[in-house]
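In order, the protein sequence lines correspond to chains A and B.
The first sequence runs 1 to 108 under our numbering.
The second sequence runs 109 to 504 under our numbering.
There could be a bad hint or two in this list.
Which stretches of chain A does chain B cover? Using the computed rule of at least three CB atoms under 8 angstroms from a CB of chain B, they are [said to hold, decoys possible]:
1. 39-46
2. 54-63
Heads up, incomplete: computed chain A residues facing chain B, CB under 8 angstroms, no partners named [said to hold, decoys possible]:
3. Val30
4. Pro51
5. Pro73
In silico DSS-like pairs for lysine-lysine, Cα to Cα no more than 30 angstroms straight-line [what the hints assert, rightly or not]:
6. A:Lys35 / A:Lys67
7. B:Lys172 / A:Lys67
8. A:Lys27 / A:Lys67
9. B:Lys502 / B:Lys172
10. B:Lys172 / A:Lys35
11. B:Lys178 / A:Lys35
In case anyone wonders, no lab produced these hints; they're calculated from the structure.
Beta carbons are placed, not taken as given, at the ideal position from N, Cα and C, and that holds for glycine.
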Amino acid sequence: MSVNEKFSAIRKGLLEFLLLQIIAAEKVYVADILKQLSATEFATQEGTLYPLLSKMRREGLLDYEWKESEAGPPRKYYELTVKGREQLRETLEYWGKINGTVKKLGQK
Amino acid sequence: MNKVITINLEGTAYQLEEGGYDALRAYLETATARLQGNPDRDEILSDIERAIAEKFRALLGSYKTVVVTKEVAAVLAEMGTIEADSAEAGGAGGAGAPSSASGHGTAGEEQAAWRGGTPRRLYRIHEGAMIAGVCNGIAAYTNVDPTLVRIGFVLLTFFGGTGLLFYLVMAFVVPEARSPEEKTAASGAPSTAQEFIRRAKQGYYEAMKDFPDRKARREWKRRFRREMRGWRASFDREMRANADQWRHNWHSYWAEHAPVHPGMVFALPLLSVLHGVATVLWICAVISLLATGTVFGLAPAANVPVWVAALLLFMAYGILTWPLKAARRACYRGFGRPMWAWSFVFLLDAVVWLAIVAALLWLAVHYSPELREAVRSIPSLAHQAADDIRTWWKGM
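One chain only, chain A, in its complex shape:
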């Protein structure tokens, strides 16, 4: 089992965290998110993203507003709610801790 495969589950778990981070920076729509992720190890597809985004919205982490696009149907632009920002802050903190632990353990 390669490292890439081993980390597949972890990547899945982290995707939600990354979405919070991307959406926190600016109002984005799905194609923007895909583009930002495409260059990373977290490259993903619409089929994954839409269900995840709608789950996060259901949990009250983010909200969207419709915006007309210059071509084609209107687009959903996502933004974080107060709860979403709070969650992002907490997650970042927790991530920092995990990171620290990973580095510290095993060192004398």
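Mind docking chain B on chain A? Use the hints.
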């Protein structure tokens, strides 16, 4: 040849090849099944449909109206499978996804390019046309006022009927813009005039909304129409006054400057002969061009289609004989003021001229076997030329 199926994605119709339609339906059915029990199922499905619609739109242009099966498959691959349990959702594509995800960027760019340079095609436009919509189509194509194009054609018609011939050819060859896509393609972007009319109409309806009361609305309508009528009437008046002024100037100019010289009486037949010779030469040149592809041994550039060369000949003829014709007209004036005399001379000259042309042509055909052959082959050549033009047009 493939059957095409029209579908509705988030309010816009798309045409898919049958295979593509099947693939899309299967994809959406799978998605629906996988999202069973998800409280946001309908919303996610409509998100998916919208994303697919946007990708399809990026693939289409005004010539390309059908999404082929391969493209549908590519779009669906780019979308990726719908994750059953959103809690476990994540980078399902993992390392495999980057290429498809970045593919969306290029689709977006294509879309932008398509929006920026809307492809333009020459069509006949029937709305607001005088005859067959040729001038209207050219005007839309070149973004020039249709009236200017019409004036251009009328002027060209004076040059030995070039405009008329050109118009007739275009009327038969150029297709008419029927569908909205074709109409858009005819003008590229909405032309300023169309845009103006659209805005005017919109303004009209917007204003109508402000009159909830029927009586006031009717009154306003009446006023709008009266104003339009008044505007049209004043425009007509002005145009007529202009035309009158112009005609007056023209006549007084000729009254003063008409060269009344007895020498003109002799000059006229000479000019007629010259004109006749020029006409015969021109006809021979056209026939020679059509028959052998050369004009008296001179071949046009290889990439110039024969019919373009013929048109150029037509124009050259018109321009070259213009002074001859003008001189002849001037000669008529030389015969004095009485109108009947003028008409008589004109008629006589026309007969003489026609006789000269006919005689020369008869001689030419009779004594030149090549020319006779060429004249015989005209009907089949015309057919071939029409076919050429048609294929050339389709290939554009």
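Okay, the hints, checked on the actual structure:
| no. | hint | in the structure |
| --- | --- | --- |
| 1 | 39-46 | holds (count 7) |
| 2 | 54-63 | holds (count 4) |
| 3 | Val30 | holds (7 angstroms) |
| 4 | Pro51 | holds (4 angstroms) |
| 5 | Pro73 | holds (5 angstroms) |
| 6 | A:Lys35 / A:Lys67 | holds (19 angstroms) |
| 7 | B:Lys172 / A:Lys67 | holds (27 angstroms) |
| 8 | A:Lys27 / A:Lys67 | holds (11 angstroms) |
| 9 | B:Lys502 / B:Lys172 | holds (14 angstroms) |
| 10 | B:Lys172 / A:Lys35 | holds (27 angstroms) |
| 11 | B:Lys178 / A:Lys35 | holds (23 angstroms) |
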